[in-house]
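Enquirer: Sequence lines, in order, name chains Z and B.
The letter at position 79 of the first sequence is residue 79 when you use our numbering, and the numbering goes up by one with no holes.
Start counting at 1 in the second sequence, then tack on 1000, and there's your number in our numbering.
Possibly wrong hints are sitting among the right ones.
A partial selection of chain B residues facing chain Z, derived with a Cβ cut-off under 8 Å [unchecked claim]:
| no. | residue |
| --- | --- |
| 1 | Ala1160 |
| 2 | Cys1177 |
| 3 | Ala1291 |
The set of hints was computed from the structure by calculation and includes no laboratory data.
Using N, Cα and C, we set each Cβ at its ideal position, and we do this for glycine too.
There are 2 protein chains.
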Amino acid sequence: MRRDDGRTALGVDVGGTKTEILLAGRGGRVLAETRIPTDPEGGAEATLRHAAAAAHEAFGAAMDEAAAVGVSVAGQVGRRGVLLGAPNLGWTGVDVRRLTIAAFDLPTVVVNDVRAATWAEWRLGAGRGVRDLVVLFIGTGVGGGAVIGGRLLEGADGIAGELGHLTVVAGGRRCHCGNLGCLEAYCGGWALEERAGQAALADPAAGAALVRLAGSAEAITGEVVAAARKAGDALATRLVEETGDMLGAAVVGLVNALNSRRVILGGGVMDGFPDLLDRTVAAVQERALPAARKRVEIVRAGLADDAPALGAADFALVRRPRMQR
Amino acid sequence: MRRDDGRTALGVDVGGTKTEILLAGRGGRVLAETRIPTDPEGGAEATLRHAAAAAHEAFGAAMDEAAAVGVSVAGQVGRRGVLLGAPNLGWTGVDVRRLTIAAFDLPTVVVNDVRAATWAEWRLGAGRGVRDLVVLFIGTGVGGGAVIGGRLLEGADGIAGELGHLTVVAGGRRCHCGNLGCLEAYCGGWALEERAGQAALADPAAGAALVRLAGSAEAITGEVVAAARKAGDALATRLVEETGDMLGAAVVGLVNALNSRRVILGGGVMDGFPDLLDRTVAAVQERALPAARKRVEIVRAGLADDAPALGAADFALVRRPRMQR
């Protein structure tokens, strides 16, 4: 047993439907990877015990070399590894750190999944070599993170980075979070679908192509919008342009406020609508403060779906948690 | 000469119309203070030489004890004390650090005036004891700053903190910076006056009281709006409420994004419309993410107009610049 050599660590990303488990070496080398379904209702303790069993089965003797576990969770993680909020998992108040130590018998750090992915992009992905960066992941929801002066943004309670809940239209669309006019309420996948459905109902002629493709206004998905857009549909084009305008407005503000060197954009909506990147670049070049826009780079995320697990493992390698029960 | 004891430092705040000069001890004790008019067209070199002469005249032998100078400037200050942008002074490209060393014969740090005031609020004002805070100064323009994890937010080029140029209404009012829908384009003093004039012209009946007080729609000032508001005028009340809604929208987003422990609001517009504070507190309590709003405090700025000079002096005491020519 050489647990303290710090050369490999486990990354465990607990999502709402699956838990990704990998073994990573220094520099983000993924040595092995496996996954299990998450059963949120079965509880955190069972999920982490299953994850540990799956890791032992998949990684075998290599488990003996692992120095630590980094756990990435879809929820707000307090400074001691207790979940302050975890709506998708229903695990608010759960001490994930303690449960992981019990399941894996290894020192553990717990980190929010978006923060873990931000860490991964910074250390191993599109953010390498930069000390000031912002990351936005635009999927069903919109999450984010930042590195400020070479340190991961954490916040007073360890829950900073909710960049999807920056207000971009004061008094605007209702967000799932309860605020009005959040970035997510325009650019999140759910919001894009909601906007498409509402637009199709409000103007049936304009929405005809989308409704035909989807079956009904309520059934319009991001994929349907993307397909209609490719076919040159005017409403789909307008929806995507508006999405880009909202994203651009948020990124202009972030560049002005944080003077980041690099802005990294990732997530399913970015993948589905590749020209959102160009619209965002154009917005920043046209409207951000000259001194702030001069050297900023707006780029695509560099890592794949396993970024949270990879980031959590690398975070554990760097932070070198000690065993505390 | 005991220049290296680090116990006192000069603070020089170069504004568009006046230059404030003070001598400060540790803990922000102001030992002496003086001011001269700024003559931007006379150039930075003359201004700083005059400032040094005024300091010698006003502070006498105490000048020999000063260990350093902190210069606060209304402009974007690059990492080496060269102005990257200074629209109010017209000194873009000027090496303020070198000119200050030449004028005062003391080691010098140069810092943006809003950043200096942020530092002052953090170390000596309403932000004491907190490691994560945001400051918004809402005057004619809107500036800001932040402390993140116990460090002043600087940004990749040293120009972070332009919180007045966060977008709060995508595609909204044109800001002086060229962007659309900036916080400043609603809450800055100039914007409040512009909005009031436009509203009075658009609806003369509603604007009658404001126009009567000001003489014309174009002449409506913040003071006029404040007076009409006190008298119960409906348009003035609506204008102030809208200002509060925009400020609230921005602060909700900042609290979500940065998870600050404290938000400090200062500047002439805050002083002129005291209940903007309550509206902002209400917005955060109603609409920020529960975990982020739980422990955040929204408070008034604690220092007076000399905060930039005081902050620059204290910054110099803490940073202990060395003499480099």
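Enquirer: Would you mind marking each hint as holding or not holding in the structure?
Expert: Checked hints:
This hint holds: B:Ala1160 has a C-beta 4 Å from the nearest C-beta of chain Z, less than the 8 Å allowed. Hint status for B:Cys1177 relative to chain Z: holds, with the closest Cβ pair at about 6 Å, below 8 Å. Against a cut-off of 8 Å between C-beta atoms, the interface hint on B:Ala1291 holds, since the closest Cβ of chain Z lies about 5 Å away.
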